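Number of protein chains: 2
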Amino acid sequence: MNSSVQGVFAAVLTPLDGDLAPDRAAIARHCRWLRDNGCDGLSVLGTTGEANSFSVDERVRLLEDLIEDGIPGNVLMPGTGCCALTDTVRLTRKAVELGAAGVLMLPPFYYKNVSDDGLFASYAEVIERVGDPRLRIYLYHFPQMSGVFLGHDLIERLLKRYPDTVAGMKDSSGDVHNMIRNAHAFPGFGVLSGSDEFLLPLLKEGGVGCITAVSNVAAFLGAEVFAAWRQGDVETAERVQARLTAVRNAISALPLTAALKEVMARHTGDDEWFNIRPPLTRLSATRAADLFITLESLDFNPPPAP
Amino acid sequence: MNSSVQGVFAAVLTPLDGDLAPDRAAIARHCRWLRDNGCDGLSVLGTTGEANSFSVDERVRLLEDLIEDGIPGNVLMPGTGCCALTDTVRLTRKAVELGAAGVLMLPPFYYKNVSDDGLFASYAEVIERVGDPRLRIYLYHFPQMSGVFLGHDLIERLLKRYPDTVAGMKDSSGDVHNMIRNAHAFPGFGVLSGSDEFLLPLLKEGGVGCITAVSNVAAFLGAEVFAAWRQGDVETAERVQARLTAVRNAISALPLTAALKEVMARHTGDDEWFNIRPPLTRLSATRAADLFITLESLDFNPPPAP
Numbered sequence: 036m037n038s039s040v041q042g043v044f045a046a047v048l049t050p051l052d053g054d055l056a057p058d059r060a061a062i063a064r065h066c067r068w069l070r071d072n073g074c075d076g077l078s079v080l081g082t083t084g085e086a087n088s089f090s091v092d093e094r095v096r097l098l099e100d101l102i103e104d105g106i107p108g109n110v111l112m113p114g115t116g117c118c119a120l121t122d123t124v125r126l127t128r129k130a131v132e133l134g135a136a137g138v139l140m141l142p143p144f145y146y147k148n149v150s151d152d153g154l155f156a157s158y159a160e161v162i163e164r165v166g167d168p169r170l171r172i173y174l175y176h177f178p179q180m181s182g183v184f185l186g187h188d189l190i191e192r193l194l195k196r197y198p199d200t201v202a203g204m205k206d207s208s209g210d211v212h213n214m215i216r217n218a219h220a221f222p223g224f225g226v227l228s229g230s231d232e233f234l235l236p237l238l239k240e241g242g243v244g245c246i247t248a249v250s251n252v253a254a255f256l257g258a259e260v261f262a263a264w265r266q267g268d269v270e271t272a273e274r275v276q277a278r279l280t281a282v283r284n285a286i287s288a289l290p291l292t293a294a295l296k297e298v299m300a301r302h303t304g305d306d307e308w309f310n311i312r313p314p315l316t317r318l319s320a321t322r323a324a325d326l327f328i329t330l331e332s333l334d335f336n337p338p339p340a341p
Numbered sequence: 036m037n038s039s040v041q042g043v044f045a046a047v048l049t050p051l052d053g054d055l056a057p058d059r060a061a062i063a064r065h066c067r068w069l070r071d072n073g074c075d076g077l078s079v080l081g082t083t084g085e086a087n088s089f090s091v092d093e094r095v096r097l098l099e100d101l102i103e104d105g106i107p108g109n110v111l112m113p114g115t116g117c118c119a120l121t122d123t124v125r126l127t128r129k130a131v132e133l134g135a136a137g138v139l140m141l142p143p144f145y146y147k148n149v150s151d152d153g154l155f156a157s158y159a160e161v162i163e164r165v166g167d168p169r170l171r172i173y174l175y176h177f178p179q180m181s182g183v184f185l186g187h188d189l190i191e192r193l194l195k196r197y198p199d200t201v202a203g204m205k206d207s208s209g210d211v212h213n214m215i216r217n218a219h220a221f222p223g224f225g226v227l228s229g230s231d232e233f234l235l236p237l238l239k240e241g242g243v244g245c246i247t248a249v250s251n252v253a254a255f256l257g258a259e260v261f262a263a264w265r266q267g268d269v270e271t272a273e274r275v276q277a278r279l280t281a282v283r284n285a286i287s288a289l290p291l292t293a294a295l296k297e298v299m300a301r302h303t304g305d306d307e308w309f310n311i312r313p314p315l316t317r318l319s320a321t322r323a324a325d326l327f328i329t330l331e332s333l334d335f336n337p338p339p340a341p
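Quick note, the sequences are listed as chains A and B, same order.
Numbering-wise (the numbering used here), the first sequence opens with residue 36 and increments by one.
Numbering-wise (the numbering used here), the second sequence opens with residue 36 and increments by one.
Derived from the structure by calculation, the hints contain no laboratory data.
Since the list can't tell identical chains apart, any single copy or any two copies may satisfy a pair.
The calculated lysine to any residue pairs, modelled on SDA-like cross-linking and capped at a C-alpha distance of 20 Å, are:
#1 K129 to S90
#2 K239 to S39
#3 K147 to F184
#4 K147 to L315
#5 K129 to D92
#6 K147 to R317
#7 K129 to E93
#8 K239 to F221
#9 K147 to L291
#10 K147 to Q179
#11 K147 to S208
#12 K147 to D188
#13 K147 to A293
#14 K147 to L289
#15 K147 to A288
Nothing here was measured: the structure is a model prediction, and the numbers come from that model.
Generate coordinates for the entire structure from the input sequences, incorporating the hints supplied.
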């Protein structure tokens with residue numbers, strides 16, 4: 036079993052101060068709240084966390100601050116995949132040094148139509164340069180955003196060459212058949228769904244959990260699905276999954292980071308949550324109002340704020 | 036006239052050493068050779084130059100080294116547009132400080148389907164943070180690679196708000212109608228083609244030149260087109276343009292950076308030119324052989340190497 040990771044991970048939002056810089060105290064508070072409310076792990080600095088809108092210096096500092104502020108390294112699975120080989124190496128090395136459970140690694144995503152040879156070389160070069168047996172890589176498959184497809188053959192090559200390091204994949208493609216195919220094909224390779232609605236369907240087929248944006252506000256539901264499934268209580272798992280999916284559908288009809296920051300702002304009463312780095316923008320008042328009407332109709336409320 | 040820039044710019048290749056780091060002496064030599072052989076300006080650190088495969092530290096150092104090695108700042112138009120706001124600000128500030136003629140600025144390119152409001156905010160935030168009246172931005176429009184479209188309305192908004200700073204656009208969309216529309220719509224806004232074949236067609240419609248990959252080996256042809264056009268010798272301009280287009284077509288049928296590095300390696304006899312950072316890969320021997328057969332059939336040879 037390559038993957039030691041399982042359960043429900045939040046793709047953690049990054050609260051920003053008035054200068055649009057990460058707010059150290061606020062993200063530590065948010066991470067603690069997430070752990071207290073259903074999150075097995077914290078995938079900071081992913082797509083939802085606006086990672087690619089921060090410099091590598093900002094990202095390194097954010098990771099160091101979290102550890103200093105008491106978040107255990109072994110619950111973290113930070114995003115570390117950048118366009119630049121040297122950036123990915125630096126961030127990944129830092130994550131390993133801080134004891135992260137794994138890293139979530141996008142392929143370099145500027146160039147399009149690159150070959151599998153080029154993608155293999157990208158991952159291989161990072162692994163060789165980091166050169167640390169503690170490194171566990173979860174490939175981050177999100178072709179709609181990255182413009183790059185991580186296919187079956189590439190995973191197979193990587194697993195063959197780096198069986199101890201390549202531990203799993205977060206699949207945000209929205210294609211549950213792709214997730215299941217990979218979970219079936221590569222035993223021990225931990226496949227996590229990037230979409231809440233496939234948490235249970237993927238668990239049933241050998242997946243190990245999910246890493247999702249909506250877990251910033253609804254991890255307690257994912258956790259209930261996961262716990263029920265582990266206890267063999269499929270009926271409960273399915274019932275709660277249906278509820279989670281409804282919440283997910285309401286939120287993911289909108290730009291995810293903006294919608295979730297809106298929910299957090301209302302939930303905590305802290306307007307700082309509205310801050311978002313360009314090119315993302317805050318939801319319009321109309322869209323926000325519609326979202327809250329829908330969430331209310333679903334009788335959805337996040338757990339009490341800290 | 037916002038744009039002081041005109042003529043033929045190379046989207047300069049970045050020679051790499053055995054560790055895949057920029058080779059300082061080699062890029063200075065290449066830049067001098069380009070200036071001696073038809074280039075009015077040097078767009079270092081663009082798509083062809085593998086910029087996004089380098090960290091911002093590496094890019095800052097490359098710019099500083101070029102200046103120290105005697106390349107005049109005012110012939111440079113470096114790429115400075117990154118995913119991260121803070122990276123774009125840092126690189127842009129450095130380019131201005133070094134006296135660059137302008138900067139070529141990709142929009143943040145990780146997030147897709149972002150709004151014009153978000154793109155406007157991205158550019159505006161950079162301009163405000165750099166806060167330097169010397170800054171001249173050339174928007175870098177390359178939707179096939181960036182996944183982001185810089186449309187007419189956005190340009191209009193930016194020009195209205197920052198008429199002295201937003202100076203022009205490099206259009207690599209391959210859509211000459213888009214280039215011409217923008218050249219017609221915004222007098223004084225310097226539109227440069229990202230594709231050699233549209234150099235003359237765009238000059239005829241008010242464009243100011245081109246910034247191209249193929250200019251790494253064939254700027255002498257572009258320079259001849261430009262000079263003939265300026266002298267009113269349309270016949271010569273058209274004849275040389277046809278030749279340039281044929282060379283361009285041969286090279287751009289292949290991955291551009293790899294193909295051009297192959298041509299430079301053969302031309303200079305220096306195998307270091309084969310080095311390329313993942314996810315890009317060297318051309319296969321077969322494709323390279325085919326390329327040289329085609330270039331030979333066109334009787335194409337770059338100017339004597341230094």
